[in-house]
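Using the sequences and the accompanying hints, generate a full structural model.
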Amino acid sequence: MSNQTGRSIRAQLMWLSLIIVTVSVALSLAGTLYITLRTERKTLDQNLLNSASILSQVPLVREALLGEVPADELADFLDAATARTSDIDLILVGDTESVLRYAPDRSFIGSRYTGSAQTRALAGAEPYTFDDSGPMGSDHSAYAPIRDESGAVIGFMAVGLYLRSLTHVALTTALRLAAIGALAAAVGALLALRLSRRIKRSLMGYEPDAFARRFHQREDILEALEEGILAIDREGRIIFLNAAAAQMLSLAPEAAMGRPLHSVYPSSTLDRILRTGRPEYNVSMKSLKDVRVLADRLPLYENGALAGAVGIFRNRTEVARLADDLTGVRHMVDAMRAYTHEFMNKLHVILGLLQIGEPERAQQYIMDTTRTQQEAVSRIMNQIKEPSVAALLVGKTSRANELGIRLTLDRESVLSAGTSWLSPDAWVTVLGNLIENAIEGLNQTRRGTKEVSVSIREGADNLFLCVEDTGPGIPSALRRTLFERGASSKGHSRGTGLALVREVVEAYHGDIRVESETGVGTSFFLSFRREPLPAPKEEP
Numbered sequence: 001m002s003n004q005t006g007r008s009i010r011a012q013l014m015w016l017s018l019i020i021v022t023v024s025v026a027l028s029l030a031g032t033l034y035i036t037l038r039t040e041r042k043t044l045d046q047n048l049l050n051s052a053s054i055l056s057q058v059p060l061v062r063e064a065l066l067g068e069v070p071a072d073e074l075a076d077f078l079d080a081a082t083a084r085t086s087d088i089d090l091i092l093v094g095d096t097e098s099v100l101r102y103a104p105d106r107s108f109i110g111s112r113y114t115g116s117a118q119t120r121a122l123a124g125a126e127p128y129t130f131d132d133s134g135p136m137g138s139d140h141s142a143y144a145p146i147r148d149e150s151g152a153v154i155g156f157m158a159v160g161l162y163l164r165s166l167t168h169v170a171l172t173t174a175l176r177l178a179a180i181g182a183l184a185a186a187v188g189a190l191l192a193l194r195l196s197r198r199i200k201r202s203l204m205g206y207e208p209d210a211f212a213r214r215f216h217q218r219e220d221i222l223e224a225l226e227e228g229i230l231a232i233d234r235e236g237r238i239i240f241l242n243a244a245a246a247q248m249l250s251l252a253p254e255a256a257m258g259r260p261l262h263s264v265y266p267s268s269t270l271d272r273i274l275r276t277g278r279p280e281y282n283v284s285m286k287s288l289k290d291v292r293v294l295a296d297r298l299p300l301y302e303n304g305a306l307a308g309a310v311g312i313f314r315n316r317t318e319v320a321r322l323a324d325d326l327t328g329v330r331h332m333v334d335a336m337r338a339y340t341h342e343f344m345n346k347l348h349v350i351l352g353l354l355q356i357g358e359p360e361r362a363q364q365y366i367m368d369t370t371r372t373q374q375e376a377v378s379r380i381m382n383q384i385k386e387p388s389v390a391a392l393l394v395g396k397t398s399r400a401n402e403l404g405i406r407l408t409l410d411r412e413s414v415l416s417a418g419t420s421w422l423s424p425d426a427w428v429t430v431l432g433n434l435i436e437n438a439i440e441g442l443n444q445t446r447r448g449t450k451e452v453s454v455s456i457r458e459g460a461d462n463l464f465l466c467v468e469d470t471g472p473g474i475p476s477a478l479r480r481t482l483f484e485r486g487a488s489s490k491g492h493s494r495g496t497g498l499a500l501v502r503e504v505v506e507a508y509h510g511d512i513r514v515e516s517e518t519g520v521g522t523s524f525f526l527s528f529r530r531e532p533l534p535a536p537k538e539e540p
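Residue 454 in UniProt numbering sits at position 454 of the sequence shown; the count goes up by one each step and never skips.
If you are wondering where the hints come from, they were derived from the structure by calculation, not from laboratory data. Keep in mind that a hint or two might mislead.
Unchecked claim - Under the rule of at most 25 angstroms between Cα atoms (straight-line distance), these lysine to any residue pairs were calculated in the SDA-like manner:
1. 385 / 419
2. 385 / 433
3. 385 / 417
4. 385 / 277
5. 385 / 315
6. 385 / 444
7. 42 / 23
8. 385 / 408
9. 42 / 180
10. 42 / 106
11. 42 / 112
12. 42 / 31
13. 42 / 32
14. 385 / 426
15. 385 / 421
16. 42 / 81
17. 385 / 282
18. 42 / 101
19. 42 / 119
20. 385 / 410
Said to hold, decoys possible - Across the chosen pairs, the derived CB separations fall in these ranges:
21. 104 / 67: 15 to 25 angstroms
22. 42 / 15: 33 to 43 angstroms
23. 277 / 529: 17 to 27 angstroms
24. 170 / 16: 26 to 36 angstroms
Bear in mind that the values here come from a model prediction, so they are computed numbers and not experimental data. Quick reminder that beta carbons are idealized off the backbone N, C-alpha and C, glycines included.
Below, the structure is given as structure tokens:
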């Protein structure tokens with residue numbers, strides 16, 4: 001992405017923020033300026049009124065108008081008053097004929113005050129303000145009557161400010177507020193810059209429309225996947241559900257979004273990831289439509305903290321059926337191959353009995369052999385309903401018989417068809433390697449009793465497997481590294497079977513335990529458990 005994209009989003013945000021700040025500050029300053037000027041005007045008016053009222057009552061002013069004191073004393077006094085007060089530009093004193101007896105400019109003393117501003121004061125009115133254009137310029141002044149001791153009006157007092165002074169005060173106030181506004185705009189620009197950078201980081205450097213476009217593109221891609229995707233947040237609520245997952249799990253996306261996982265999918269164990277924080281791969285499960293599904297479950301992290309979990313579902317109904325058929329056929333072929341070798345030997349026995357003239361014994365031999373084989377196969381098929389596992393056990397039983405080893409299935413063993421505990425390949429890996437290792441170990445010993453016992457116990461919440469043999473046992477030096485690749489007592493390029501068994505057990509979060517005693521035999525115990533589902537949360 002080019003730098004222009006980054007500058008564009010910053011520029012847009014900065015301009016928008018500056019416009020908002022500028023308009024807001026301008027409106028605020030306009031209101032503040034209006035209120036401030038109005039307040040200052042009222043304050044100035046009151047000061048002028050007070051000054052005019054006080055000065056009009058000064059005895060020196062009254063005596064000067066009556067000619068009792070020299071005019072110079074009045075001039076000195078009022079000059080000093082003007083100099084001491086910053087809010088006064090001019091003071092005028094006039095008699096009843098509006099002849100000025102005092103003015104800041106001495107040239108106006110003795111001239112007649114033009115205008116009508118003083119008329120009300122000469123009529124004895126209370127102090128008031130008036131804007132006028134006098135002999136010394138436009139001004140805003142307060143007027144008050146001057147009275148003698150008897151209360152008769154003998155003149156007027158004017159205390160005022162030139163309008164240019166008022167303009168200066170207003171301009172000073174406006175400039176002060178403008179400086180505050182400029183500072184506010186600068187702060188706003190800085191905050192806008194920081195905000196734009198933060199938003200840019202949150203959008204990963206994209207423009208908002210480009211970010212939205214990419215978001216919708218990726219959402220469309222996720223919706224188009226054949227794999228189902230379901231994600232939950234830290235509280236176990238569904239935050240994403242694509243079309244494939246909705247179809248596999250028979251869920252309506254609109255109704256499921258935002259709801260607790262177990263309220264719409266009670267049998268799900270996806271929230272287990274929220275407790276363990278560990279990913280789970282290739283977990284065989286069944287959806288609400290009884291579809292065979294293989295799931296990967298992964299934790300979601302945000303800033304290093306666990307923020308949720310996502311389940312990726314792959315519909316393996318057809319693939320699993322074909323795999324089961326293929327696996328079953330393969331093991332049936334192995335079983336038939338073993339039966340072929342075994343029955344070739346038995347046919348030789350039958351042929352020999354017939355050749356030596358013992359047809360009755362040949363007949364009895366055939367009946368005994370048939371009954372034994374039928375019983376073994378029937379028991380396996382009745383107890384083990386999963387075709388691939390049953391075929392594997394039948395084949396391994398025949399191979400063991402060829403080698404003079406007795407392989408038996410525990411009478412309490414049970415396994416349902418379509419079991420979700422392990423995938424067909426996982427069953428073959430676990431049972432096939434454990435049984436084959438037991439057979440190979442017994443085949444290398446000269447002991448009289450050679451037996452392998454298999455036990456499979458499937459429950460609602462657990463699965464137990466056990467493979468025991470009466471072989472030579474595992475050397476103590478090999479037990480620590482038993483499940484590592486290459487660890488074997490059989491020689492070079494061996495030792496991968498038990499490593500594969502361990503990988504399957506770990507992938508399905510099971511446990512494996514080994515008990516072995518030299519000269520007595522070895523037992524492998526495997527267990528798998530399902531964690532209990534939490535009670536569904538009630539909807540508010």
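Structure-based check of all given hints:
Between residue 385 and residue 419 the CA atoms are separated by roughly 9 angstroms; this keeps the pair inside 25 angstroms, and the hint holds. For the suggested pair residue 385 and residue 433, the alpha carbons sit about 20 angstroms apart, so the restraint of at most 25 angstroms is met. A C-alpha spacing of about 5 angstroms is found between residue 385 and residue 417, which places the hinted pair at or below 25 angstroms, so the restraint holds. The straight-line distance between the Cα atoms of residue 385 and residue 277 is roughly 35 angstroms, outside the 25 angstroms bound, and the hint therefore fails.
Pair hint residue 385 plus residue 315 holds up; C-alpha atoms about 22 angstroms apart against a cutoff of 25 angstroms. Distance hint between residue 385 and residue 444 is unfulfilled; the C-alpha atoms sit about 33 angstroms from each other, more than 25 angstroms. For the suggested pair residue 42 and residue 23, the alpha carbons sit about 29 angstroms apart, so the restraint of at most 25 angstroms is broken. The hinted pair formed by residue 385 and residue 408 meets the criterion: a straight-line CA distance of about 17 angstroms does not exceed 25 angstroms.
Proximity of residue 42 to residue 180 is assessed by CA-CA distance (about 24 angstroms); at most 25 angstroms being required, the pair is judged to hold. A distance of roughly 31 angstroms separates the Cα atoms of residue 42 and residue 106; the hinted pair therefore is violated under the 25 angstroms criterion. For the given pair, residue 42 sits about 30 angstroms from residue 112 by alpha-carbon distance, which is inconsistent with the 25 angstroms threshold. For the given pair, residue 42 sits about 17 angstroms from residue 31 by alpha-carbon distance, which is consistent with the 25 angstroms threshold.
For the hint pairing residue 42 with residue 32, the CA-to-CA distance comes to about 15 angstroms; that is within 25 angstroms, so the pair holds. Of the pairs offered as hints, the one joining residue 385 and residue 426 holds, with about 16 angstroms between alpha carbons and a cut-off of 25 angstroms not exceeded. Only pairs whose Cα atoms come within 25 angstroms are accepted, and residue 385 paired with residue 421 is accepted, the gap being roughly 14 angstroms. Annotation: proposed proximity of residue 42 to residue 81 holds, straight-line Cα distance about 22 angstroms (limit 25 angstroms).
With a CA separation close to 22 angstroms, the supplied pair residue 385 and residue 282 stays within the 25 angstroms bound. Only pairs whose Cα atoms come within 25 angstroms are accepted, and residue 42 paired with residue 101 is rejected, the gap being roughly 29 angstroms. Annotation: proposed proximity of residue 42 to residue 119 holds, straight-line Cα distance about 23 angstroms (limit 25 angstroms). Of the pairs offered as hints, the one joining residue 385 and residue 410 holds, with about 15 angstroms between alpha carbons and a cut-off of 25 angstroms not exceeded.
Judged by the Cβ atoms, the range 15 to 25 angstroms given for residue 104 and residue 67 holds: they are separated by roughly 22 angstroms. At roughly 40 angstroms, the beta-carbon separation of residue 42 and residue 15 lies within the given 33 to 43 angstroms, and the hint holds. Residue 277 and residue 529 have their C-beta atoms about 19 angstroms apart, which keeps the hinted 17 to 27 angstroms range intact. Checked against the hint of 26 to 36 angstroms, the C-beta distance between residue 170 and residue 16 comes to roughly 33 angstroms, which is consistent with it.
When each numbered hint is compared with the structure, violations occur for hints 4, 6, 7, 10, 11 and 18.
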